[in-house]
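Trainee: Residue strings, one per chain:
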Amino acid sequence: MGMTLLKRGAESDIYLGSFMGMKAVFKKRRAKRYRLPELDERVNRERTISEARLIYAALISGVSVPAVLLLDPPNYLIVMEYIEGTTVKDLLQAENLPVEFLRELGKKIGETAARLHTSGIYHGDLTTSNLILSGEDLFLVDFGLAGRSNDIEDLGVDIHVFLRSLESVHPKVGGVIYGGFKEVYARELGDRAKEVLNRVKDIRRRGRYVEERRNSASHRK
Amino acid sequence: MIVLGIESTAHTFGVGIVKDSPPYILSNIRRTFIPKEGGMRPGEVARHHAEVAPGVVREALEKAGVSIRQVDAIAVSLGPGLGPVLRIGATVARALALKYAKPLVGVNHGIGHIEIGRLITGSRDPLILYISGGNTVISTRVGNRYRIFGETLDIALGNMMDVFVREVGLAPPYVVNGKHQIDLCAEGGKKFLNLPYVVKGQDMSFSGLLSAALRETKNNDLHDVCLSLREVAFDMMLEATERALALTSKSEILVVGGVAASGSLKEKLEEMTLDWGVKLSVVPQEFAGDNGAMIAYAGLLQASKGAYTELSESKVRQRWRIDEVELLWE
Numbered sequence: 010m011g012m013t014l015l016k017r018g019a020e021s022d023i024y025l026g027s028f029m030g031m032k033a034v035f036k037k038r039r040a041k042r043y044r045l046p047e048l049d050e051r052v053n054r055e056r057t058i059s060e061a062r063l064i065y066a067a068l069i070s071g072v073s074v075p076a077v078l079l080l081d082p083p084n085y086l087i088v089m090e091y092i093e094g095t096t097v098k099d100l101l102q103a104e105n106l107p108v109e110f111l112r113e114l115g116k117k118i119g120e121t122a123a124r125l126h127t128s129g130i131y132h133g134d135l136t137t138s139n140l141i142l143s144g145e146d147l148f149l150v151d152f153g154l155a156g157r158s159n160d161i162e163d164l165g166v167d168i169h170v171f172l173r174s175l176e177s178v179h180p181k182v183g184g185v186i187y188g189g190f191k192e193v194y195a196r197e198l199g200d201r202a203k204e205v206l207n208r209v210k211d212i213r214r215r216g217r218y219v220e221e222r223r224n225s226a227s228h229r230k
Numbered sequence: 066m067i068v069l070g071i072e073s074t075a076h077t078f079g080v081g082i083v084k085d086s087p088p089y090i091l092s093n094i095r096r097t098f099i100p101k102e103g104g105m106r107p108g109e110v111a112r113h114h115a116e117v118a119p120g121v122v123r124e125a126l127e128k129a130g131v132s133i134r135q136v137d138a139i140a141v142s143l144g145p146g147l148g149p150v151l152r153i154g155a156t157v158a159r160a161l162a163l164k165y166a167k168p169l170v171g172v173n174h175g176i177g178h179i180e181i182g183r184l185i186t187g188s189r190d191p192l193i194l195y196i197s198g199g200n201t202v203i204s205t206r207v208g209n210r211y212r213i214f215g216e217t218l219d220i221a222l223g224n225m226m227d228v229f230v231r232e233v234g235l236a237p238p239y240v241v242n243g244k245h246q247i248d249l250c251a252e253g254g255k256k257f258l259n260l261p262y263v264v265k266g267q268d269m270s271f272s273g274l275l276s277a278a279l280r281e282t283k284n285n286d287l288h289d290v291c292l293s294l295r296e297v298a299f300d301m302m303l304e305a306t307e308r309a310l311a312l313t314s315k316s317e318i319l320v321v322g323g324v325a326a327s328g329s330l331k332e333k334l335e336e337m338t339l340d341w342g343v344k345l346s347v348v349p350q351e352f353a354g355d356n357g358a359m360i361a362y363a364g365l366l367q368a369s370k371g372a373y374t375e376l377s378e379s380k381v382r383q384r385w386r387i388d389e390v391e392l393l394w395e
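Protein chains in written order, with the numbering used here: chain A, 10 to 230; chain B, 66 to 395.
In isolation and in its complexed conformation, chain A is listed as follows (with noise of 0.2 angstroms):
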């Protein structure tokens, strides 16, 4: 069985392969050198077990996401469908893309993110790296950081995090792509889409200069 590398992510190598004669991607967590091995096996197995649950549970809630095929936690290892398509973040660096197109892309990013969260799942890595267009279809990979949440908080991160992503690889064309994402997440998730997109700002204030930590309430109102 041929493999080849296809990416090779922050904590995990991925392989193009083929499992039961289907195309799929072999996920494999790396042991970190750097890490005591103790805390780095506690790491790689809570993180590779609970991304195959939380990936069946985005399944559930109506967002497009890769089948798992095979989960081997003693490997650190996920066998999942292969997606044919582009991420976002290779979409996004052709230039003059239309406007309409940006705003209907942010729009479905919007959707995506509302139904997780309206289903109490956070994705906790929300970047255009993880967010792959095929055909129509927007599919949403990489559940390694991700957890169950209704934790305005914990939401209002995954919004943060992915507008981050957007400012700091795609300046030119994140207000845009934003724009249409707030439109959509807003009316999907209803009451405490506000909340949430408030605690947005309120996640970007911080992180700076905290000089004690019993004032650290003051500074979150």
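Hints were generated in silico from the structure; no laboratory data involved.
You may find that some hints are simply not true.
Taking lysine to any residue pairs in the SDA-like style, the calculated list, with each CA pair at most 20 angstroms apart, reads [as the list claims (entries may be wrong)]:
hint, chain 1, residue 1, chain 2, residue 2
1, B, Lys-315, A, Leu-15
2, B, Lys-255, A, Glu-50
3, B, Lys-344, A, Pro-46
4, A, Lys-16, B, Arg-382
5, B, Lys-256, A, Pro-46
6, A, Lys-16, B, Ala-311
7, B, Lys-315, A, Glu-20
8, B, Lys-333, A, Arg-42
9, B, Lys-315, A, Leu-80
10, A, Lys-181, B, Lys-344
11, B, Lys-380, B, Ala-115
12, A, Lys-98, B, Gly-208
13, B, Lys-315, A, His-179
14, A, Lys-16, B, Trp-341
15, A, Lys-98, B, Leu-339
16, A, Lys-37, B, Lys-256
17, A, Lys-181, B, Thr-313
18, B, Lys-331, A, Gln-102
19, A, Lys-98, B, Thr-313
20, A, Lys-181, B, Glu-389
21, A, Lys-210, B, Arg-382
22, B, Lys-244, B, Ala-115
23, A, Lys-181, B, Val-207
24, B, Lys-315, A, Met-31
25, A, Lys-181, B, Arg-210
26, A, Lys-98, B, Arg-212
27, B, Lys-315, A, Gln-102
28, A, Lys-210, B, Arg-386
29, A, Lys-16, B, Leu-339
30, B, Lys-331, A, Leu-45
31, B, Lys-331, A, Asp-49
32, B, Lys-256, A, Glu-47
33, A, Lys-181, B, Arg-212
34, B, Lys-333, A, Leu-101
35, B, Lys-256, A, Leu-48
36, A, Lys-181, A, Thr-96
37, B, Lys-333, A, Leu-48
38, B, Lys-344, A, Arg-17
39, B, Lys-331, A, Leu-15
40, B, Lys-315, A, Leu-101
Mind docking chain B on chain A? Use the hints.
Mentor: Same frame as chain A, but now just chain B:
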């Protein structure tokens, strides 16, 4: 062009003098406020800085062998930092600018850390880790801004370690012979304890880790808690860095800020960068902590493009993000 730079954002009052040709840095003098107990109280630190300021300015000029008349501009860090402390530096800078008729250059403290790091290590287009008592930022330059790829969602890494060692009675002093108390304490650690490991995207959260570690001290050996806390905190930082590396595909990492001096962090970074085949540059200790030379140098870059600050505009900004600054230089 010769620029005098004043640093006064936190516990250090520093004055550096730089020029626009080698050896660039002519002098770099600083005095650091060390509390007898507890942490930094802004009023106390401000009084300390106000007392040492004239002496530090004089010493920096003498060491550089230049008179104030030869200086072309006065640079000062206007933020981010503690308000009362920032205002001491700003007041000294305005006074010098007025008395000697020199133009003023307001500098962002974080930009100072980054630019001095680039000057000294020769790093060209790095992924930047800016880690200090008040900041935990992963950044890189995109166009004319330092864009932020990852940062702490609550308290800074250095702040978290400082608060921990203080709460358990190891500090002050926070640093002994160039080593942070947490590193000294961790040397005796054997057992690894489960502590919350929180990375979200490229962002980190340290406040839950701090609370959990403090709680663990009740039932565990302190050395074990120190070791576990440091390992988890640094590993979070490294993982977030790896994520930013994957996202930006940079081939160099530059580490700046006070925590850059940590030996255990450097060891981890060396292993990680070896794995990725990227170059690692760590700013040397003298320029890692807050200092005047970094403010002078960032001021020089700004002044070389004619970007001066009117006295009436020289207000301090306690929460001035690095990504708000437009970079006029290459």
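Trainee: Does each hint fit the structure? Answer for all of them.
Mentor: Results for each hint:
1. Lys-315(B) / Leu-15(A): Between Lys-315(B) and Leu-15(A) the Cα gap is close to 18 angstroms, so the pair holds against 20 angstroms.
2. Lys-255(B) / Glu-50(A): holds, 17 angstroms
3. Lys-344(B) / Pro-46(A): Violated, at about 25 angstroms.
4. Lys-16(A) / Arg-382(B): violated, 42 angstroms
5. Lys-256(B) / Pro-46(A): holds, 12 angstroms
6. Lys-16(A) / Ala-311(B): holds, 9 angstroms
7. Lys-315(B) / Glu-20(A): Holds, at about 16 angstroms.
8. Lys-333(B) / Arg-42(A): holds, 8 angstroms
9. Lys-315(B) / Leu-80(A): Between Lys-315(B) and Leu-80(A) the Cα gap is close to 32 angstroms, so the pair fails against 20 angstroms, i.e. violated.
10. Lys-181(A) / Lys-344(B): violated, 30 angstroms
11. Lys-380(B) / Ala-115(B): Distance ~18 angstroms between Lys-380(B) and Ala-115(B) Cα, so the pair holds.
12. Lys-98(A) / Gly-208(B): Given that 20 angstroms is the threshold and the Cα spacing comes to 18 angstroms, the pair holds.
13. Lys-315(B) / His-179(A): Roughly 16 angstroms separates the two Cα atoms, so the pair holds.
14. Lys-16(A) / Trp-341(B): Since the Cα atoms of Lys-16(A) and Trp-341(B) sit roughly 13 angstroms apart, the hinted pair holds (cutoff 20 angstroms).
15. Lys-98(A) / Leu-339(B): violated, 27 angstroms
16. Lys-37(A) / Lys-256(B): Judged against 20 angstroms, a Cα distance of about 28 angstroms means the pair is violated.
17. Lys-181(A) / Thr-313(B): Answer holds: Lys-181(A) to Thr-313(B) is near 17 angstroms, not above 20 angstroms.
18. Lys-331(B) / Gln-102(A): violated, 34 angstroms
19. Lys-98(A) / Thr-313(B): holds, 11 angstroms
20. Lys-181(A) / Glu-389(B): holds, 16 angstroms
21. Lys-210(A) / Arg-382(B): holds, 19 angstroms
22. Lys-244(B) / Ala-115(B): The hint is violated at about 28 angstroms.
23. Lys-181(A) / Val-207(B): holds, 11 angstroms
24. Lys-315(B) / Met-31(A): Given pair Lys-315(B), Met-31(A) is violated - Cα atoms ~34 angstroms apart, limit 20 angstroms.
25. Lys-181(A) / Arg-210(B): Given pair Lys-181(A), Arg-210(B) holds - Cα atoms ~13 angstroms apart, limit 20 angstroms.
26. Lys-98(A) / Arg-212(B): holds, 17 angstroms
27. Lys-315(B) / Gln-102(A): Cα-Cα ~17 angstroms, so holds.
28. Lys-210(A) / Arg-386(B): holds, 14 angstroms
29. Lys-16(A) / Leu-339(B): OK: Lys-16(A) and Leu-339(B) at ~18 angstroms, within 20 angstroms.
30. Lys-331(B) / Leu-45(A): holds, 15 angstroms
31. Lys-331(B) / Asp-49(A): holds, 19 angstroms
32. Lys-256(B) / Glu-47(A): Distance ~10 angstroms between Lys-256(B) and Glu-47(A) Cα, so the pair holds.
33. Lys-181(A) / Arg-212(B): Cα-Cα ~13 angstroms, so holds.
34. Lys-333(B) / Leu-101(A): Not satisfied, since the Cα-Cα distance of roughly 34 angstroms exceeds 20 angstroms.
35. Lys-256(B) / Leu-48(A): holds, 11 angstroms
36. Lys-181(A) / Thr-96(A): Status holds; Cα separation ~18 angstroms.
37. Lys-333(B) / Leu-48(A): Cα-Cα ~14 angstroms, so holds.
38. Lys-344(B) / Arg-17(A): holds, 17 angstroms
39. Lys-331(B) / Leu-15(A): Between Lys-331(B) and Leu-15(A) the Cα gap is close to 30 angstroms, so the pair fails against 20 angstroms, i.e. violated.
40. Lys-315(B) / Leu-101(A): It holds: about 19 angstroms lies between the C-alpha atoms, which stays within 20 angstroms.
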